[in-house]
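Participant: Next come the chains, spelled out residue by residue.
2 protein chains.
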Amino acid sequence: MISVVLLGAGNVASHLYKAFQNAKDVDVKQWYNRNIKAIDSYKNDVDITDDLSSLVEADIYILAVSDDAIEDLSKQLPFENRLVVHTSGSTSLYAVDMKQKRGVFYPLQTFSKDAEVDFTEVPLCVEALKKEDLPLLKSLAKAIGCKSHKVNSDQRQGLHLAAVFVNNFTNQLYRIAHEITEANGAEFDILKPLIKETANKIETLSPYMAQTGPAKRNDKKTIRRHIKQLESDHHKAIYDLLTKSIQKTHGRR
Amino acid sequence: MISVVLLGAGNVASHLYKAFQNAKDVDVKQWYNRNIKAIDSYKNDVDITDDLSSLVEADIYILAVSDDAIEDLSKQLPFENRLVVHTSGSTSLYAVDMKQKRGVFYPLQTFSKDAEVDFTEVPLCVEALKKEDLPLLKSLAKAIGCKSHKVNSDQRQGLHLAAVFVNNFTNQLYRIAHEITEANGAEFDILKPLIKETANKIETLSPYMAQTGPAKRNDKKTIRRHIKQLESDHHKAIYDLLTKSIQKTHGRR
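Quick note, the sequences are listed as chains A and B, same order.
If you read the first sequence in my numbering, its first letter stands for residue 1, the second for the next number, and so on.
If you read the second sequence in my numbering, its first letter stands for residue 1001, the second for the next number, and so on.
Simulated from the structure, these hints should not be mistaken for lab results.
Treat each hint with caution, since some may be false.
Unchecked claim - Chain A stretches covered by chain B per the calculated footprint, using a threshold of three residues with CB under 8 Å from any CB of chain B:
hint: 1; region: 119 to 125
hint: 2; region: 131 to 141
hint: 3; region: 157 to 166
hint: 4; region: 181 to 193
A virtual CB, placed ideally from N, CA and C, is assigned to each residue, including glycine.
Please work from the sequences and hints to get the whole structure.
Facilitator: So, in structure tokens, the structure goes:
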């Protein structure tokens, strides 16, 4: 049984809490938040607190708070030499105060408040300053059904940056496609099978091998017509830059 | 039973051929290609030809050839007043010669030579100059398990353009993420569950509602660090433009 104290009440904290509660080998001993109202509805299921001085002992303390709050919060912990991890993709391991055993427990997924998370589909990137703390982090990941990956800070920050491209930027391309279909009186929903297939294809092909379309073929006629067809200068700029990017990758320029 | 003559031997033609062969209500009467070698391996299963003057009679003639070849090929057909459709997303219905009954049968999916296509996941956009030709095109779509959508040329061309964003451009973002993870010694594979979830999320949320991340939050500190972290000016430019795009959509600028 791994005992855990959870700190924070955002999306990651809430989803981790549920995953821990569903795991038979994890015991959430306490849930801390600065503003106790945010976790008040859980008070019958778990010991909740807004008082750092009353934190109980546990195997792992998980700081699931905003990047900027990690350093401060970890400094205020009223104990030392315990395993304290943050859950941020982009924050240094060293943001955790040096009087603790420091680590990172970074779930590389997109969490929405209302959408359920299937933790078997969440890669957990784990990192520990001291090698001997790693197995416990891996066990915690395993207990909630995650595949864990030992990464160093460079790798984690590279993954976090790459995640912005495959998640936020990709989603913005979906948004632009939505705007284009609406402008043409077409249904965005018709694109959804293509969106899924584009994501599924890279299970078996590298993105390099999976590429198709006018930019890859250097089909100038279609490219010109597409740019003409776009009404927004902003969309034209994105079309132009990503077309050039594909051509650069595939040796067309 | 719907009888079909297929013309062309590219990806779309080959996948359609397989789908037609598997459908109990479709009879491929003939397969034409200018260069007969490309379809020679099918000669025991279907009547193949490279001679337009020997085309047999059928309910539908499908021109699954490159956009530029549609007009020419349709002009050369040695009959008139039969239902002739092309499969292009971006080509006008009027590219089909006016002496025929004209239509479009556009499968909105990404076809790779080697990847199997699940036609139940292929939206078929159908269009016909004469309304009375539409039911047959819809029946053909249904016979191979596709959901069909009646669209006009503007809608179809809007969908084709939007498809470039959600397929080619999205795939290029995956490629860039691949480059970033490699530059940091991390595994691209760790991103695959996130890629899938990003695509799945819009089944229930609009892309607008699904957006998260530093650009949406206007988290300038993370944005600055990410741009600094990127080694390629080209990647920086894409990061910058798509960040601005998200901020524009979400009222951050």
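Participant: Give a verdict on every hint.
Facilitator: Results of checking the hints against the structure:
no.: 1; hint: 119 to 125; verdict: holds (count 4)
no.: 2; hint: 131 to 141; verdict: violated (count 0)
no.: 3; hint: 157 to 166; verdict: holds (count 9)
no.: 4; hint: 181 to 193; verdict: holds (count 11)
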